[in-house]
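As you go down the protein sequences, you meet chains H, W, S, L and D in turn. The first sequence begins at 22 in my numbering and counts up one residue at a time. The second sequence begins at 269 in my numbering and counts up one residue at a time. The third sequence begins at 92 in my numbering and counts up one residue at a time. The fourth sequence begins at 41 in my numbering and counts up one residue at a time. The fifth sequence begins at 259 in my numbering and counts up one residue at a time.
FYI, nobody ran anything at the bench for these hints, they're computed from the structure. Certain hints may be false.
Chain L is faced by these chain S residues, among others (derived, beta-carbon under 8 Å) [what the hints assert, rightly or not]:
{"id": "1", "residue": "Gly112"}
{"id": "2", "residue": "Ile114"}
{"id": "3", "residue": "Ala125"}
{"id": "4", "residue": "Gln152"}
{"id": "5", "residue": "Thr166"}
{"id": "6", "residue": "Tyr177"}
Predicted model only: the values in this text are computed from it and were never measured. Cβ atoms here follow ideal geometry from the backbone N, Cα and C, with glycine treated the same way.
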Amino acid sequence: MTRVLAILTVTAVCFAFLSGLVYSIWQIGATTTPVDLPALLAGNLDDSGVENPVTAVLLNFRSYDTLLEIGVLVIAGIAGISVAKTSSLEDPELRTSDELLYALQRWLVPLTLLLAGYLLWAGSDRPGGAFQAGAVLAASGVLMRLGGIPMDFLRPGLMLRLGLSLGFSVFLLVAVASALSGSRFLAYPPEMARTLIVAIETVLTLSIAMVLLALFVSAPINNAEEPEEGGS
Amino acid sequence: MTLWLMAGLLFTPLAWAVLTLLTGFRRGRAITWLGIVIQVLVSLALWAVVAAEGGFQYPLGGWQAPLGIELRMDGLAVTFVLLTALVAAASGLHAGFYLDPDKDWHRYFWPLFWFLWAGLNVVWLGNDLFNLYVGLELISLAAVGLVALGGQSEALRAAIRYLMAALLGSLAYLLGVALFYGQFGSLSLSGIASALNQDIAVEGSGFALILMFFGLALKTALFPMHRWLPPAHGIARSPVSALLSALVVKGSFYIAARLWLELGATLGSLALAQLLGVLGGMAVFWGGWQAFRHSKLKQVVAYSSVAQIGYLFLLFPLTWNTTEAVIIQAQQAMTLQVISHALAKAAMFLSAGNLILSVGSNRLNALAGVSHFLPFSLFSFGLAGVSLMGLPPTGGFAAKWLFLQASLATGQWWWLVVLLGGGLLSAAYVFRVYRASFVEDSDIDHFFHPSRRLEIIPMILALLSLGLGLMAEPVLSVMALAFANGEGT
Amino acid sequence: MTPFLLYALAGAALCSIGLFGFILISHLLRKLLAFNLMGSGVFLVMVGLAQHRSGPDPVPQALVLTGIVVAIAATALAVVLIRRYYHLSGKTSLEDPAQNPPPAPGPRQAREAPHE
Amino acid sequence: MTEWSLDILLVIALLVTATSVLWSRDLFRGVVFFIAFGLLMALAWVRLRAPDVALAEAAIGAGLTGVLLLDAARHLSNDESQGEDGKEKKP
Amino acid sequence: MTATALLPVFALMTSLTAAVIIFALPEQKHRLRTFVNLTAAILKLLLVGLMIRGVFQGKAYGIAFPMIPGVEFVLRADALAMLFAGLSAALWLLTTVYSVGYLENSPNRSRFFGFFSLCVASTLGIALAGNLFTFFLFYEMLTLSTYPLVVHRGTEQALRAGRTYIIYTLAGGAVLLFGIASLHVLSGDLPFRPGGHFADMAPDLQMPLTIVFVVLIAGLGVKAAIVPLHGWLPVAMVAPAPVSALLHAVAVVKAGAFGIVRVVFEIYGLETAGALGLLSGLAAIAAFTILYGSVMALYQSDLKRRLAFSTVSQVSYIILGLCLAGPVGVAGGLVHLVHQGVMKITLFFCAGNYAETLGLHRIDELDGAGRRMPGTSVAFTLAAFGMIGTPPLAGFITKWTMGTGALAAGMDWVIAVLVVSSLLNAAYFLPVLRRIWFGEQKDPWREERQWGRSETSAWLLWPPLVTAGFLLLAGLLASAPFSPLGWVELIITREVNL
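The following block holds chain H by itself, in its conformation from the complex (with noise of 0.2 Å):
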């Protein structure tokens, strides 16, 4: 019965919450906005040293959301593999995977490998970039693992949380040099814009790699007899 009633109750709310948002999409569609935030971008794309705007928006005029959002991702990462046990790599059911995955990934490793570095070079000019060649590599290492690589590295130590940070570290560094160089927060020298982008993206890419296999990897492994325990 108060399950009803939850059901017809939260029905409700959805509804109200449909409808107010369709009205206020509706009645912002209706009108024009006060300021051409995209014709200011394209003012200004020559200056920032690529030429894909998204990229350009991402790594120089709202560089600073992305360092955070990296930041974002190293938090996950830690508090994942804070939680993890270090047993949790050793995954007996991974290691006797079938035949046909591992060979699977013999072919498809190299070709995401490939893909990885080809959506990081595009990046500047064209669709792609750290977040896409970062996510492809990180599918490349899921792979990797669900064919019972055990990938070492991925242990907690040392290793990996060098791995997590680098990218991290490494923007955050290029933001400090700008603003020891006398200007601000990471505001990066006209000339040496697009270098630096380049190269901020290809750590970037590492490291979201490793942070993204290092969750995968962190969750823990049940054991057999675990799901009587708490079972229904």
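Take the given structure of chain H and dock chains W, S, L and D to it, following the hints.
Structure of chains W, S, L and D alone, referenced to chain H:
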């Protein structure tokens, strides 16, 4: 000089997060203490700069808003930066002694601590709606990580519940940001505020504001969305609880207050203002009542946070559609309440941690007889309690007094019930703790004595919150710089 | 009316579906799925609404990229926590222990000391 | 008109998959639907002329999140009821 | 910063510093603690004495600084303040001496003396407060610092008494705060000023001002133990004797009464309060409290409880005196502030001595105590006769002045109240005296302790003797310039403007 200070403020916490990530607990502790010194000095220097020269904008990467992200360093922001530095320094020092260095996972306390600090500074200085979102996420994930640290089942349960609430809150806020961007084509808060003066159709944005308030209120644990807070703050280690209660919940509230003060006059409504106030009032009573009923020390303190947060929301009805003088009064009241609660609650959690360490139990009636053996921590707890009760000369009293003045001046006498009744209710739960500690019928005399270093830190915080009432005028005069030339300068 | 606005409205619908699921479903992983659906809805609103008014706009696109990364970070963290929670308590939801009879303590709970 | 019909179809598909994610019979299937949803989202981003986001959504949203959740679902769904609302089975 | 600014601050700091040092001292350092305590008390008495002399010569002491926007922290030593400050400084010294003896060999002395000093500091702050806000600050500080003293024994009964006490006083504080805040909104920050602020108020302020007055009196009345707000006072008797002595003589009840004096004289002004018709209501309540307290005292068999109800009755003399609104009547009320303090503290010291030395708590156990403890009993007798109003003791001065004032003000019914009250006083004190002096000891003393040839410890014996001497002198030398009555007349000519 200012540029260097700003760079230091932004850089240190992030850099120290990385440094401490790479080291173990003990070395991390040493590094952290160095960092704390730097951060406190930088914050003090910035405070002095702002007090002397007024606030300024800091365009990151050299890009002006709306293209880039600008930080706003005004009186209010710098006051909160300084407050954060004080409370975080105290919690960090306390944690260094309090946490067991031999537990492997405690090494991760330091990087999370520094990320949390960084996120808080992002929020205080933020003037860009999306940047604030990222700041909020930084804070939430770091806080969740800290709660889950060491991961026992109950802690994980609390952490997951906290994470879910935080994520929902962030999304609601982000949806509001999306609508705002659609409406104004800009993410800069002051840009939006000045666009509002141009008399454009803004009918759709009212809902956006409501969404943002919902999200932020959820993250601030406003009644009735407070259910995640007591388990999380109650189960975390005491220095973590201190950080969470003193600072983290204030971050989201601060954003809501900034939004309201800049945009509320146009986009808000009487109903919204009163609703937030009423929820705040209910939080005061419900939180106080729950604190009174709970039999565990840290739960009492955690529920008291729910109650104290309620007072903050009186800001909304008291600044709606009224004179400039009253608005300033209400703002000052809110600011004082934030500061005094932060100091008092941090003191309370830290001394509660000492008490628990000493009697080996979280239960209230285990405190019997502790007043012989640990009067120092008990005294800090008591002083902090005085501030929560809103008795003079504490900062809590100054805040309550200003709230009273603003309520009477706007004729909204019904908030008096909240202010006076809430004070009595908080007295009820604080005195319950005192009472438990005065009981003489226990024969336990083998209390563990925590080190003096652990005891002195909460005492300093409690004294600060006490002294705030006497020093309110000078502190507020720096904060007033925010409101005099708050935007666009 | 442009296709962009259609996507924004679809985003609104996704948000409500996600919200409905997020509140009502108690299984933690499904909650997480609901959260991700809501997130996608918000991103659609963000880009769709902005582009409906001024054509393709890289700024919200960049914001959405950031948002996606934040979302995966949060999701991954949540998965780790949920799995560890399940590992320790055998539960997949946060339902109040007061309402259900407490499960028999698992071997791990019994072995490890209470938290504080 | 064809453009519109494509968009409308895509939107309907998105909503249907989203519903299926939450109320599919078992968790594993829900995650599979979620991956499908991610791919559809990637398509939507292409239609919104946001190729960067489309790439990221395909790699992160569909790919990584999918794998992560699949792995989690594999471990967690052992005891999940075979009921449809995803609610924990009452004892 | 000159001496005029710093003297009040120093006087406050003596007891505050003492409190801090005592809290920091280890529990076992009894001698050092006693030394700190006595030094601070003597120092404070000297400082207050200096200020009294200065004020007499027409100097003004004070300090003010802004605290919260719109509100100042003001300390100011005027003649009225010095009346209360002098009382509190003198009695602190004596009570400290007494407590050292009383608490010998009991646990938690560090806590006790620390809060005790805080309590005295608050009292001095209340005396020196220059506006309602500052007054409130110390008023609440007093509430908080007294609680640990009330529950000091930590027994179930003490804890219950503490709860009653804190509920009453904090609720009263909240009501008072409401009143102060309302007044602040009506007319800004109001310093205490002779003649008050509302001599020529706008007619539309009448109604709100009347309401605010009632609220303020209700808030202050809790501590002043005006019926029906007196419930906490008899219960709080479980506290150790020196605490009761302090509570009844200087600290808590007097803080309430003193606050009422300040509000009536220096916020509203006697004339305005009279014009608003507020004084006659207050007088009626005060008169009722006087009679009610005395009647209730008759029925108490526990000595300290009887004294407590006597306090309920006696404190309202002060309030009744104000309501007479003439120079003589007001003098009677104000002088009772001091007289009652001295008499009541003597009574409590003696009651404490009986309890501590012989283990006697109930009145019917006192038979023959006079022969065993002649010094204590003489002091007790003097104070009791003083309460009854026998010439030439202090209480007689009060009653005589008030009676004259009542006649001058044309309020003849007050005389009746005074007479009936005196009869009741006699009715509840004389039986006690009869038992002490003429009763035959039936049972052995309950828990007798020996102090050599002396009847009790010197620490315990001398304070009541000294206060008894005071109350004799206050009566005999009532017309001297520095006697309480002389000082009160100074206050009235200088500050009340009648």
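Violated constraints from the hint list, given by number and in increasing order: 2
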